[in-house]
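Protein chains: 2
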Amino acid sequence: MNFKISKRILFNALSVVARAISANSPLPWLTGVKIEIKDGELILTGSDSDISIQKIIQKNEDDYVFEIQKEGSIVIEAKYILDIVRKIDADEITVQVLDGNLTKISGHSAEFNINGMKSSEYPSIDFTMPTKQFEIHADQLLKIITQTSFATSDKETRPVLTGVNFKADGPNLECVATDSFRLAKKIIKLDGDNHFNVTIPAKTLGEVAKTIDRDTNVLIAISDKKAQFWIDNTVIQTRLIDGLYPETSRLIPTEFMYELTLDARDILNAIDRASFIKSEGVSIIKLSASGKEILISSKSQEVGSSLEKLNAIHYKGNPLEISFSGRYVFDAVRVLNGTVVKIEFSGEMKPFIIRNAEDDSVLQLILPVRTYS
Amino acid sequence: MNFKISKRILFNALSVVARAISANSPLPWLTGVKIEIKDGELILTGSDSDISIQKIIQKNEDDYVFEIQKEGSIVIEAKYILDIVRKIDADEITVQVLDGNLTKISGHSAEFNINGMKSSEYPSIDFTMPTKQFEIHADQLLKIITQTSFATSDKETRPVLTGVNFKADGPNLECVATDSFRLAKKIIKLDGDNHFNVTIPAKTLGEVAKTIDRDTNVLIAISDKKAQFWIDNTVIQTRLIDGLYPETSRLIPTEFMYELTLDARDILNAIDRASFIKSEGVSIIKLSASGKEILISSKSQEVGSSLEKLNAIHYKGNPLEISFSGRYVFDAVRVLNGTVVKIEFSGEMKPFIIRNAEDDSVLQLILPVRTYS
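Residue numbers (the numbering used here), protein chains in the order written: chain A, 16 to 388; chain B, 16 to 388.
Careful: at least some of the hints might be erroneous.
Same chains, same names: a pair is fine if it fits in one copy or spans any two.
Below, computed lysine-lysine pairings styled on DSS-like, alpha-carbon distance capped at 25 Å [claimed, not checked]:
| hint | residue 1 | residue 2 |
| --- | --- | --- |
| 1 | K133 | K293 |
| 2 | K102 | K324 |
| 3 | K314 | K94 |
| 4 | K19 | K133 |
| 5 | K119 | K324 |
| 6 | K22 | K225 |
| 7 | K240 | K85 |
Calculated from the structure, these hints are not laboratory results.
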């Protein structure tokens, strides 16, 4: 293998595929980037076997250099090649397999001879595209990811809760995440009629969010075994999480006796201020609402207490006292990303719902906590 | 105790004294800031018993609010009070000891009641000023610190090497740091005639560097037991390191057979590029210099090799091959902070010296390493 390419193009492509690579993989090949020149294209692949990312660079574009001397392939430790390509002080970089697996990476007056790994032993990854496909704007997909995936569980005891459930049965796509103490649900309309029900690891969605450019469409292809996100010439492929996703719609209350409308910034700042008051590592906030005033308070035997008056935009209902995890409400309000939030309650020990007052595509549900003070 | 003060003034002062505080101190009082109102002044103190920082805020300045209702003192956990004062959304903050040690910190519509600690049990720290004193411009002191303290040892086996030695015997101040593989030495002229020989912990110097403002003078006061750095109304006091500092001047060669002058950026970048090639965790660089060309190379059985040609500004001497720790030379060149560096050698296995070509107040000495290839 022997080719020359613009540093900028190679570095960007390596950075993208390296996102899938875990430096501590037990399989040595998976700590590397597979670099392949075939049919006039440069194909870069990175994988940790759960997530695989492949990026294809074609020849003969106008705005960068890409010249092939010889086809072939090699696997190079991701951290070495990224480091070399980032630091090399040259516009163009030549990558050449010399002898066996020894690979020369050179530019300007510097050259590096790196011990590569034979690409024939790199695990074969099937990037065939599933037939169930839909397109979504990057901006829309980013919103789905940021507004739901934070609510997934980080515990492996119920693996299915570590992913976001994507379900379509007609024109609507419903995305749900829950760790069983809180739940985030986003519904958007897709073009056409779609039918699938898959759970995608939150980790993959995080990598997708980092990779997509806001101004493009993303093609999502889904089978029973995997999901693919196509962004221009890059594909991010992920395994799905096995197991039936719990039926969550019956958990979401539909009738409310209390309704509080607040400036989002006000409640975020108030929770943030009180958050250092923790009992057993958790900051529990008590909300005391009435037509007269809205109070946020917290208390811990060890640290002390806080009390803050909030200005409600609107409150409807009898006086209410309810306690909750400060972080859960903070996270939920933050991702709603609106200026005004509406919180609806059905009782002191019932789950409550937080919405962006100007966007009904998304809801956040939170379970209150019992306090004894 | 009861006083009101501008948030900005209180937060800045707390941030400074908190630098001395270790959250994991075995003495609970030392995890707190001592807050004292006495004789119309606010006195804040933080300490980890090695370093102590005290800041005094006086009343009746024009550009901030500071009103005392009642004198007194309290100790408050540093992380809590910093967090409260940073996040509170008010221009002015009131601090009031309520009942016993319970302290109310309030501003605008928020209030916090924090369990404080009795100040009478806070260790008594003697801030008396030693009589040996000299003044130095902050900029000059910052240079001393950055150009020497990186070369101190981080191992406690020879405690005296974890500090920078400050020695004066007449008008010159000589500052030396060494970990026994490299040495940094800075000499500056002081006003007057000074006589002292003390070793100041590198950690303290780091805190001093973070605290001083570039546009001021720093008064340094030294006794056999402690050193103080006075910056306006702030004093940073440190214990000294016991033990005789080694006599280093005989280690520094004075005759050189080879001399290499280089662009500082060129050598920094070349070493940085080669630094991922490590053997047993260390990146060893070989320099091959001759009148014809200057080569930087590195090699590791596992990773591979690198080779780079440097443009010398000037080389004098016979051909030379010498190997050294890439990081040591990188650190030394970086802190010299010049555009051109001059490296002087006396032989392949002899210590060599790096200087900023435009500043002879500082020298960096490095021991070469033996390689077997």
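Here is how each hint holds up against the structure:
{"no.": "1", "hint": "K133 - K293", "verdict": "between (53 Å within a copy, 22 Å between copies)"}
{"no.": "2", "hint": "K102 - K324", "verdict": "between (53 Å within a copy, 15 Å between copies)"}
{"no.": "3", "hint": "K314 - K94", "verdict": "between (47 Å within a copy, 17 Å between copies)"}
{"no.": "4", "hint": "K19 - K133", "verdict": "within (21 Å within a copy, 70 Å between copies)"}
{"no.": "5", "hint": "K119 - K324", "verdict": "between (66 Å within a copy, 16 Å between copies)"}
{"no.": "6", "hint": "K22 - K225", "verdict": "within (21 Å within a copy, 38 Å between copies)"}
{"no.": "7", "hint": "K240 - K85", "verdict": "neither (36 Å within a copy, 71 Å between copies)"}
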